[in-house]
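Number of protein chains: 2
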Amino acid sequence: MTIAQDDQRQPAAAAVLDPEELRRMDAYWRACNYLCAGMIYLRDNPLLKEPLRPEHIKNRLLGHWGSDPGQTFTWVHLNRVIRKYDLDMIYISGPGHGAPAVISNCYLEGGYSEIYPEKSQDETGMLGLFRAFSFPGQLGSHCTPEVPGSIHEGGELGYSVSHAFGAAFDNPGLIVSVVVGDGEAETGPLATSWHSNKFLNPIRDGAVLPILHLNGYKIANPTLLARIEPEELEYLFKGYGWTPYVVEGDDPPLMHEQMAAALESCLRDIRAIQREARNTGEPGRPRWPMIILRSPKGWTGPKQVDGHKVEDFWRSHQVPVSDAQTNPEHLRVVEQWLRSYRPEELFDRRGTLLAELRELAPGGERRMSANPHANGGRLRKPLDLPDFRRYAVPVDSPATTKASPTETLGRYLCDVMRQNMQNFRLFSPDENASNRLQDVYRASPKTWLARIKPEDADGTQIAPDGRVMEMLSEHTLEGWLEGYILTGRHGLFNTYEAFVHIIDSMYNQHAKWLEKSKLETRWRLPVSSLNILISSVVWRQDHNGFTHQDPGFLDLVSNKSAEITRIYLPPDANCLLSVADHCLRSTDYVNVIVADKQPHLAYLDMQDAIVHCAKGIGIWPWVGNDAGCEPDVVMASAGDILTQEALAAVAILREHLPDLKIRYVNVVDLYRLQPDTEHPHGLSDADFDSLFTKDKPVIFNFHGYPWLIHKFTYRRTNHSNIHVRGYKEKGNIDTPLELAIQNQVDRYNLAIDVINRVPRLQDSAAHLKEWLKRQIIESVAYAYSEGMDRPEIRDWQWPQFPGSIDAQGQD
Amino acid sequence: MTIAQDDQRQPAAAAVLDPEELRRMDAYWRACNYLCAGMIYLRDNPLLKEPLRPEHIKNRLLGHWGSDPGQTFTWVHLNRVIRKYDLDMIYISGPGHGAPAVISNCYLEGGYSEIYPEKSQDETGMLGLFRAFSFPGQLGSHCTPEVPGSIHEGGELGYSVSHAFGAAFDNPGLIVSVVVGDGEAETGPLATSWHSNKFLNPIRDGAVLPILHLNGYKIANPTLLARIEPEELEYLFKGYGWTPYVVEGDDPPLMHEQMAAALESCLRDIRAIQREARNTGEPGRPRWPMIILRSPKGWTGPKQVDGHKVEDFWRSHQVPVSDAQTNPEHLRVVEQWLRSYRPEELFDRRGTLLAELRELAPGGERRMSANPHANGGRLRKPLDLPDFRRYAVPVDSPATTKASPTETLGRYLCDVMRQNMQNFRLFSPDENASNRLQDVYRASPKTWLARIKPEDADGTQIAPDGRVMEMLSEHTLEGWLEGYILTGRHGLFNTYEAFVHIIDSMYNQHAKWLEKSKLETRWRLPVSSLNILISSVVWRQDHNGFTHQDPGFLDLVSNKSAEITRIYLPPDANCLLSVADHCLRSTDYVNVIVADKQPHLAYLDMQDAIVHCAKGIGIWPWVGNDAGCEPDVVMASAGDILTQEALAAVAILREHLPDLKIRYVNVVDLYRLQPDTEHPHGLSDADFDSLFTKDKPVIFNFHGYPWLIHKFTYRRTNHSNIHVRGYKEKGNIDTPLELAIQNQVDRYNLAIDVINRVPRLQDSAAHLKEWLKRQIIESVAYAYSEGMDRPEIRDWQWPQFPGSIDAQGQD
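Chains as they are written, first to last, in UniProt numbering: chain A, 1 to 811; chain B, 1 to 811.
Only chain A is shown next, with the shape it has when bound in the complex (with noise of 0.2 Å):
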């Protein structure tokens, strides 16, 4: 079938709804909105007993209306044929302040009161849910991580659809259902997120039924989906692969058999495209259906208020009526439109929903707010790891051979991927080969639903029922995994390091979200790490030039809670594996993991990177010479590159001034360089400072941006000492070489710093100051000698100087 043929769905009112079925979900549906407009304004009389009266009204009127009107109509409807087909559901409410719809519902269903018993489900109760919404400490106006059913706050718009998609992943039963803002729509992450219907298997994966609600507005604006031609809103859902059902209108009556309808044809497409995907094995790319709700904002608010209107228009979108305390006629107009649902016809005096209509709503975990996958933890399973050691690059000595970090967890992640067919997906925009992590696709390739072309059998490596998520936006991807984690499942991303700042602010919200599931919400049990990998480093991103070098986004991990954030910088590839197993196996952290792609020197064996990575910092004894004594000075690095040509200027130190005592320091666990005051990662000062000594001269070499260390290590005895060096912003189409010379993290320009901090050093070194300032004059022109060449870092290896520590030695 093509779209030409398919014409515009509008599902005929045909009488889905007998008329006592209408009656009694309009019911329902009035009392969710009650209780929505009760908890923006009652702070008494929650059940319209007694005449509506100033003191009855909540000091300070909180709370957007706008978008639940049409929110709870369509939870009530899909509580309908949930119950009618037993549908595993879920719901992910997109629109930004909606949560009084899906705590409504919540409450009435009952599994807000499991959670909150004090909320209970009488007048008290429903008193104590009113006062609560807004208040200090108490119920946001998002679907925070307190509100049972939800894996989507939308405080940050944009994110909905990507979530829903991850949700869905591997989940063949279930349908996720994500009522779409028409505000959060314009956003650029939401735009393109609906094209992961070309990334969704009907086989192997459930259904995402997308519900667009165009109630018209935004805060003080049109929204444009509701203000372009019918016509084009058509043909914009038909060009992004889905079938459009249109429900438009306000006549209640009208609205529930056209929803009804819709809801109805919706669930036959999407059996009907799941029964002959599955029958046939053959996934195709199906045109999943989709509704466009057009009701208006506010819907069954206030028409007008003081001459202006108020429904279906912009000024619904928060408080529809102000100053109800004070102003007599407000408060008549918030009377009549709370007495218009009729209380008093569907709560009982004590204040408990009545019988004919709790059973309206499915039981037990069928409940779209008690629902399992919405608390990923419940149905989390850990992953079946193999041993990370088996992948083990051979390290006969110390910083003599090369391996690239990625490559060798790509080999671990193909097998890591084969053990976990149903619950593990690699996420990557389009770079997991350019990042060099391509074994994976010896487990799976890629998940592709759209046309395939003969040539693809040549090495493109797409196929339906890949597990490796490959699309050119960071948002879809980020929100892709996202869902996929928050739904008990597992996975990791990875992207160049600059463009990671892509998805500062989602990382931001998840943060957010994680530290108060994890600290404030006992019931939501431990999900999987969000594992981010940042690879095609600042210090390899030479030939691409300034654009593509920021380190930056470390700093901004940071300002998030340290319960929740955990930083890794692997010096090589034994580490990486070791780091990638611990984070694989966590929970409820971010994990962010810094490693380059190109080969790089290995320095531990498998057993020693193992130790290494389990303390997280620690001195390399076969690198320094300062063993059972105090140094004169400690070199110090974090990250691959940049432990290099630490190392090499320890060695060129060592050579040339064989008496001065150097101590050298590698971190893995960024995160031990803060107090353990102030991160439970963090080192005491006391052992910090038998690292870094009290009081001299320290030389860090850091992969970032250089403050990150001062912030980490200000409060530290000897801070004042602790010398940094890393990316400070001098780029352009460069060599690494070069790029590490600019910015001084250089062999060379390290142990001048070393010279300019040890105070005897100044004079009695100062010949070798010299050798050193040439040597980085000559090696650029070395390199440049090489003709068109691109010059490396020079190649260089550990010296092994004669009555060192033995390399694999215990430190």
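The set of hints was computed from the structure by calculation and includes no laboratory data.
Just so it is clear, the structure is predicted and the values come from calculations on it, not from any experiment.
Treat the hints with care, as some may be off.
[As the list claims (entries may be wrong)] Taking CB as the label site, the calculated pair distances span: (1) A:Glu-563 x B:Asp-685: 49 to 55 Å; (2) A:Ala-457 x B:Glu-114: 35 to 41 Å; (3) A:Gly-307 x B:Asp-795: 30 to 36 Å; (4) B:Pro-382 x A:Thr-521: 53 to 59 Å; (5) A:Ala-457 x B:Glu-359: 45 to 51 Å; (6) A:Arg-389 x B:Glu-778: 57 to 63 Å; (7) A:Ala-457 x B:Thr-124: 42 to 48 Å; (8) A:Asp-676 x B:Asp-795: 38 to 44 Å; (9) B:Glu-778 x A:Tyr-85: 54 to 60 Å; (10) B:Asn-59 x A:Ile-777: 20 to 26 Å; (11) A:Val-780 x B:Thr-124: 58 to 64 Å.
[Stated by the list, open to error] Quick look at which bits of chain A chain B covers, simulated, 3 or more residues with Cβ under 8 Å: (12) 344-353; (13) 363-370; (14) 535-544; (15) 710-716.
Virtual Cβ for every residue (Gly too), placed ideally from N, Cα, C.
Using the hints provided, position chain B relative to the given structure of chain A.
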């Protein structure tokens, strides 16, 4: 005309081109493609006068071929219509690494040699160009600032269309052609930026002509838009509100005919739209034309290499044939490919393009490589600014009256808008009114070309000729503003503080562009600063909750070059006016201003505000009691709420501990804190010490995350005594009071901090400390005793201590 009536438009391949014209255009195109390939491969023998030998091949092959031939094809065809219709047109290259396509055309048009004379239009210059491409310190593989005619680097993907619209606004005679890569088209920012057509007024603005370049592949994957059905693609773009013309194929002569015809159709449509709108004064909502160019990736390159498909496949994304130095067969393929362009028919013996081809390019400023719009500083006119003093809030006595900083600013911006109706715009995601800048609508409503309803007349403030830009896409707004600035105009973007992180990565990229264009390309003249106003700040996002609390953008800003970054935290309304005036006059910076929208205490009258903002940091002598002596303690603050609490703390201490000598320092210009060796605004150590002392405790109350102050001050003499309070990720649905207390930025905690840090108070003020602790508890209790109210920070005024220096006195 409705969409449905508007059939798929495939321009007839009528003979738009006469055979001779076609022959010459094809030759010009071959010359471009030859140069593109030469840039990737050749370090000698640039005209292939000799057989190709290994030593002619670069040692390291770098660059991206895939997108080049489609882009050169487009450029050559745009040249034809520029000449034919004397068009004023610029070119934006969306696909990431397509610089060779642009550089080759710049070079052939002569614009390149005019700026870089050593790249002369002869064999020597050509060889220099080839060698410089992707060579360290020289030509990048994106359209960096060094590339004439470019306002869009494309290192990070997704912003080409929004940049194009920004360039077109208020440029009625300009056509902005923008080639959109089909990889780029998958990003969120690009996906929503197609809707920009609802914000372009055909009377007042120019035209944007998108060419969606479907070459089918990204680095290693097919692209979505190339693998959906052609009908779907057509629907998608009609749904986005465009009129797509399709050009599809691989046979050059036929493609030339098609492209010429399509461009004729597009220009006919553009002219018709503009003529109709400008004649009638009715802008309508045009369905602007666009081109879908479906051509093979790596078109005209090697079809196969080693049995693998290369042309029309992802294998031609970067370097289509590797190892040409060492693999004789590969060398042969490269030579055959290069010779297929018949360079001897294109260039004379000297290496200059034949005259009959040269004349195909437009001349002078009609060349897209030399169009002044792409070097916006050449066209930029300073704003005609009203005297900001006229908008001052009266301050008779400091800290006794309140004013909303942004509302005050709004009155000023209204007149800025009125006096600059051709070259100033305000950008915000549906938040100008929410951020209290609504007075601007008195000068001009919001731009809105989509449908307008009668009820909009009641306060919606939208009109087709509005100049305030609101769409719920921070990406699109920021992209518009960047395009607007880079073509020589002025603007200001404002947003909720937490959500400015959505454009973190765009900030990074613009900052990098600005640094390079300011410091390294002297021929680019200064453009207006990128002005970002952050409002609805963390400290007043109490009821919106945790998701809306993130002041970390400043951390990100400060990672970029000191040459172009500026951060201002005006403490009150008058200071904001002074800062805004300064920023709107400035060029080549990113100015980030943090100012809240709620009523805040006003501290300085206009004259004092001007003096204070000019200094950027200073002692407020009416606050402390340290006149003429070294203080016991320094209290400092940056930010509005933070200043109020700091002052309140000083007042408490002065009342209870009159013998304690306190100095108060206010910081407006945050970079004053950095050493002058780090930032041009930095204070010398001597000046810093004179403010903050060398050894007295400093309590610093900061708007953002506290460590930013440490980052800026860690090298200062007195750093170890600087104790910073700020947001430390403690928040919820809160009140301003509790938010302040939880993060310990409130007056009582600050007073306790002082007591804890002044040794002689340890015992003597123990009683006061207990009292302060009680105040914290009681002020929360007091707030809650107000019932359902949402406690604000208690109202407070500066108590005017007897004997103080007069508030308006000099400091």
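Query - Hints breached by this structure - result: When the structure is compared with the hints, numbers 1, 2, 11, 12 and 13 turn out to be violated.
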